[in-house]
Amino acid sequence: MNDATQIVRERATALLADGTVAAVVGWAAGRGDHDRHVFVARTPEEAALLVADQYCGALAAKRVLSLLDEGKIALVARGCESRAVNRFMADRQLKRDQVHVIGWPCPGMLDPATGDALKRCTECQRRNPVLSDEVVGDPVPEPELDRFAELERFEQKTPEERRAFFQDMYESCIRCYACRNACPCCTCRVCFVDQERVGWMGEEFTADQARYYGTVRAFHTGDRCIECGECQRVCPQHLPLMLLMHKQVRDIDGLFGPYPGGGMEPEGPDPLRTYHTDDLEEFM
Amino acid sequence: MPIAETAHEAQGQANEEFRPKILAFCCNWCTYAGADLAGLNRMNYPADVKVLRVPCSGRVNPQHVLRALQDGCDGVLVCGCHPGDCHYSTGNYYAKRRMMVFKRLLEFEGLPPERFQIRWISGSEAGKFRDTIVQVTDDIKKLGPMAADEPSQAVVAALRAKEGEL
Amino acid sequence: MSRIGVFVCRCGTNIAGTVDVDAVAQAASLMPNVVYVDTNKYTCSDPGQASIAEAINENNLDHVVIASCSPRMHEALFRKLLAEKTNVNPYQLEIANIREQCSWVHKDKAIGTPKAIELVAMAVAKVDSNVDLHTTQIPVTRRALVIGAGIAGIQAALDIADAGFPVTLVERETTIGGKMPMLDKTFPTMDCSACICTPKMSEAAAHPNITIKTLSEVEKVEGYVGNFDVTIREKAKYVDYDKCTGCGQCEEKCPQRKIPSEFNQGLSFRTAVYKPFPQAVPSKSTIDPAHCRMLTKGTCGVCSKVCQAGAINYDDVDRVTTERYGAIVVATGYELINWANIYPEYGGGRYPDVISGLQFERLVNASGPTEGHVLRPSDRKEPKTVVIIKCVGSRDPHKGVSYCSRACCMYAAKHAHQYLDKVPDGRCYVFYMDVRCAGKGYDEFYMRTLQDGAIYLHGRVSRIYERDGKLVCVGEDTLSDQVVSVNADMVVLETAMVPPEGAGTLATTVNIQRGPEGWFTEAHPKLRPVETNTAGVYLAGTAQGPKDIPDTVAQAGAAASKAIGLLCRGYIQSNPMITHIDTAKCSGCGACVDICPYGALSLVEMTARENSRKVTRVVAEVNAGLCQGCGACTVACRPGAADLLGFGDEGIMQEVETYAYR
Amino acid sequence: MIISKDNMGALADAIGATQTVYVPGTERAATRFVAHKKGEPVVLGGANVRMPPKDLLFPATEKMYRWKKHEGQLSLETEAAAHEPFTVLGVRPCDMASVAKLDLVFLTKGFVDEFYQARRDAATFVAVTCVDPDGDCFCEAMGVRLDAAPAADVLLVDRGGAYEAKPQTEKGEAAVAAWAEALGAGADAAAGDAVEAHCTLNPAAAKAEERLRAEDFDNVWHSVADYCLTCGTCTFECPTCYCFDISQDVRADEGARFRCWDSCMFTQYTLMAGNHNPRADRASRVRQRFMHKLRYFADRYGEGLCVGCGRCIRDCPAGVDIAAIIDAVATAPEHELTEAARTVQADEAKKEAAHV
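Those protein sequence lines, which keep their order, are chains Z, A, U and W. Note that my numbering gives residue 131 to position 131 of the first sequence, counting from 1, and the numbers run on in steps of one. Note that my numbering gives residue 427 to position 143 of the second sequence, counting from 1, and the numbers run on in steps of one. Note that my numbering gives residue 815 to position 365 of the third sequence, counting from 1, and the numbers run on in steps of one. Note that my numbering gives residue 1216 to position 104 of the fourth sequence, counting from 1, and the numbers run on in steps of one.
If we strip away everything but chain Z, and leave its shape as in the complex, we get (with noise of 0.2 angstroms):
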């Protein structure tokens, strides 16, 4: 058992025993060698299935907006998570004092299949937790790379190429809303694409369709999005969908900024939820 693990689980129990949490969100063992899924412990005894290794691929902090019900959550929070907590406090879904933070600076995740590591850490820039209110272990060194390096590949292309490539990975999408689900800056109630009676897009399987919603999907959370990379994540077709948020945060950086990314700090206002008199003009 690692360090992390062991830190974790004797926290949670502590913080379940003295009533500080209702429950503590993190991660569980499941029935292969490295499969690890979401964990929600309530007990002593459940935390003691509590795992904080590197195969916790998925990003734990949305289960805590469900579970505000049963009183103080504790969340096992990496960088991503806990840029999280701070993207549902900007987006008034959580307070601060209905979430215990238990930092865990984040050693970077592997590929349970393949033990490579998760494209999610290889791209991530703040894998410290920006926010908690204890930390196991010891700050990591943030790494340093371009996290737009792909996307400047990408931009390398002919607007035709793009063209092929996204009528591509629209044809792909099977429209699960993994994405969706998964995505801390999605805590609509109904989401737009449920919305038959506006119209807003049709239940057939088409590219148009999928298209419609990856783009819309996209800007609905491109001013906020946290780049956890957990949408490129659950993905079960393996679609590149960062590359639209990093497309967005890079031109809003550009436009609008310095602009670090969504989820640095507890309020907004987001970037396109504001403006100055000065911006950029370009459609005279």
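The set of hints was computed from the structure by calculation and includes no laboratory data. A portion of the hints provided could be inaccurate.
Here are some chain Z residues pointing at chain A (derived, C-beta under 8 angstroms) [as the list claims (entries may be wrong)]:
no.	residue
1	92
2	167
3	168
4	188
5	248
6	251
7	252
8	258
9	259
10	279
11	281
Residues of chain W placed beyond 12 angstroms of chain Z at every Cβ, according to the derived structure [claimed, not checked]:
no.	residue
12	1137
13	1180
14	1187
15	1197
16	1248
17	1284
18	1309
19	1326
20	1368
All residues carry an ideal CB built from backbone N, CA and C; glycine is no exception.
Let chain Z serve as the given structure and place chains A, U and W on it in line with the hints.
Coordinates of chains A, U and W only, in the frame set by chain Z:
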């Protein structure tokens, strides 16, 4: 009437093969008024653009824009008051930011920039309204119908061959 | 199934000339849910309207499309028709603009007709998704608040009070009156400024409908047109105004005597307990806490001892009150640009004899520090050569402001005239960029000044420096194309008007906009010059932009009349085309709240039964009085919980799809 | 008839001469049955395709009828029609079992779905015995044999380097005869013994089904709901999920009514007019999915709806594991029976008593 203005209609009639379908979202207070003024001044412009009145450019939902482009429009134009002149004081500032990001997103996905344009046209700028309609119509005519944007087989094949590599 | 009626107007030949109206009607008859189609020669005429009403009633129509001129032209008229002559809700109407945006811009029926058909199809599609909307009447609190008690505020307050409505007049200084009592004479008639201003001040003080609150500032404004809840902080005066008789004993005895007088523009001194000038209103003394020894050091108490009325109260505190008003007039005026900071070439304030126009007013004023004798500040000698420089700060985007301050040309001429009148053997040079004297009797006045002997030089002064006790003004006379240098005894700078300190805060508090230069923005520069974009808030005087006294008073009257109109009516008709929140979709994220320019949206707790469970959660709520219907929130709202009635997502989508699919 | 594995491409080419033949391949970012292109190699072994052959019989979106209004006149046009014949080559026993279950749904109990039937009648299924079950495969536990596919028209039995083609239906007989003609009878004789394989994963499905009839497992559903995203991945990749929604596409004066896959994981699935949703919370949707797979379907059709293909386990982004859930149910400590379960047990006891 200057020859140049009537020329557009004559050309439009002669060139029967492609009449673009362009939707213009216009804010009620500036651009729609500018369009009305163009009418009062009997300015002549192509009939391929239809105006959809909204109270403010801030009301234009990018989702409506994308729907229009997917459902058969060859181009979309969004017009509002000049920044600083918004009837509701701030609507067009929000619209500007949204449209700047959304336009880039659509272009990233391969949409030719001409198909989605944004302009600020005040209630007094009837001439600018006319010129914008003329220019946008010309732009779209040059591009042809949306189907003309379909990537060629060669590009698709090349892409498939390199699958997995970004 | 709805029953839609389509009425196509020929507008004589205005439409029929380039649109085949019968073909449009024929096409409309095949559109979904259209059950009745008619054409009319002039739909807006009385017979045209009557025929529409008759058709609606006879055919049980429930949605109406009128294809005619621009909705900006007759939408209101046709809505009224539906409301008064039919049972159809007036918002079940869409206008297809087939005149301004079709028949008038095309020359050929082959082009105009299909376009008109498409426009009608879009209108038919949209009207089918319209819902009934209803206006409501919101009662108006019949009291007005005037912020700022210069001549604009006083005039507005008097006009509203005379109409019979209570007015609260808030002023942040210790006296009302503003800048006007400081002036000596007013151009072009050379009336004594104080003589015409102070009676107004007294009238306001004595008016039974006017409550004056000096040393007061507006802290918070909540609510909306007709019902603003305004919180006002009245600062401690340390003198009980109910007891103070204004006798001035305290002022006589106050040991703090070297405080520069604001009223005299620093050209004389005042005491710590003081009245800024004899005719101040209210005619009471106030203790300046920054300079009072008792309040700063805790030792003195002289005024308290000499006050026979026992009005001095060193323990006085601020009073914060919240009251409801129906209308607000903002008349916060201007201040002069701080030229010393931006014109180092004019000495940057180092030369005492380089003075501002307002200081000159005090110098020539009989009740001023020199009792009306023109004596320069440095040595109290009569200057024999005076240079007047216009446009100091104005029309100078690099150093000051880009706009013209409007009043300076005239008061520069007035100053030249006054100087030459008082110092007959003096010489007066006026450096100018332009002379703008539009106004009744204005140019005549300027001509008289020229005849008086003022020497006008076209150009800016580039530098002022001191040599041999003279102020050397170096400039260019562009008409003779020569560098001119004048050895002056005194220089008067006619400085730019700028928005007063705190205007930005007030704009946020009252929720009105400011232009790039910081002046409050009117709702429309031509047609709504005294209204703001916040209904029920009006602008008077220089708060809106530089102007002279007659314009200020006129605008104050206009603002008052707008306020009176609102108060007289007693209610406001709500605009039904506002945002509506579908709480089932709202997750309470507050994106709409962040974005609303009117503060019309707020988050509230809601309890409801959902899926057999009682749920309490936060949702957005619209204040119908504040929402103006811009719809910016509807786009910020990702799930579309916020939707704009009259321009709903569904209606716009219907239009988009109808056009796209046709 | 014995056919060498190397000859599968030739076989597909031969079938493809007269009809479309679908073979395992890669398209739209997933392995699935794709239309065979002449001359391309065909490999039937290895991992099963990620997307089941379900959409060949029951497409994700299927037009049902069109309507059109012209000059005020309305006309209707149905889309159901006889389908061009096609062959699906290389279907695994698990997926073949799923086709049999879809047949139950769409063709029995007094209702025949004409759209499904048109495609079903047009289809020839050539199954292949499975020799490569992976760690997430558990079809044997669900009553599927790796070496049999009773619903297939032809079964290809893996005999090392070659397949033995066994026709199982008339359609199959005709097909094999045609192949023999095209490829030359008995051309490939070098075949060994039938390869035998078994699943390593064997959840106690029978026990689970029995206990699900009698007991509530709310704690199981809730603990799964604690990590399930309720996305539609499992239902869309499932070879037996058959739920659909009917919707329409209206364009000015014409439109089409179509049906498209739906998922019980979505909140919209049970949303009623007036916004009431009996399955608004995740746990109730999770429960519905597993109860339907493991019990409700068996109640109606006498067999469970899961074929143990393992797709939902492999591709679940949240780590939901149906095999683990089956075992969790099967091995959960005995607890108080539900009211409903007691009634059922009492009824059963009465029936049994009457029978005796």
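Now for the hints, and whether the structure bears them out:
1. 92: violated (19 angstroms)
2. 167: holds (7 angstroms)
3. 168: holds (7 angstroms)
4. 188: violated (14 angstroms)
5. 248: Holds. Min distance 6 angstroms.
6. 251: This hint holds: residue 251 of chain Z lies near chain A, its Cβ roughly 5 angstroms from the closest one there, short of 8 angstroms.
7. 252: Holds, because the Cβ-Cβ distance from residue 252 of chain Z to chain A comes to roughly 6 angstroms (cut-off 8 angstroms).
8. 258: violated (16 angstroms)
9. 259: violated (11 angstroms)
10. 279: Since the shortest Cβ distance to chain A is 6 angstroms, the answer is holds.
11. 281: It holds, given that the least Cβ distance between residue 281 of chain Z and chain A is near 7 angstroms, below 8 angstroms.
12. 1137: At about 14 angstroms from chain Z, residue 1137 of chain W clears the 12 angstroms cut-off, so the statement holds.
13. 1180: Label holds. Min Cβ-Cβ 18 angstroms, cutoff 12 angstroms.
14. 1187: holds (22 angstroms)
15. 1197: The assertion about residue 1197 of chain W holds, with a minimum of 25 angstroms to chain Z.
16. 1248: violated (8 angstroms)
17. 1284: Non-interface label stands for residue 1284 of chain W: nearest chain Z Cβ at 32 angstroms, farther than 12 angstroms.
18. 1309: Holds, because the least Cβ-Cβ distance between residue 1309 of chain W and chain Z comes to about 20 angstroms, which exceeds 12 angstroms.
19. 1326: At roughly 25 angstroms from the nearest Cβ of chain Z, residue 1326 of chain W sits farther out than 12 angstroms, so the non-interface label holds.
20. 1368: Incorrect as stated: the minimum Cβ-Cβ distance to chain Z is 9 angstroms, not above 12 angstroms.
In this structure, the earlier hints numbered 1, 4, 8, 9, 16 and 20 are contradicted, and the remaining ones agree with it.
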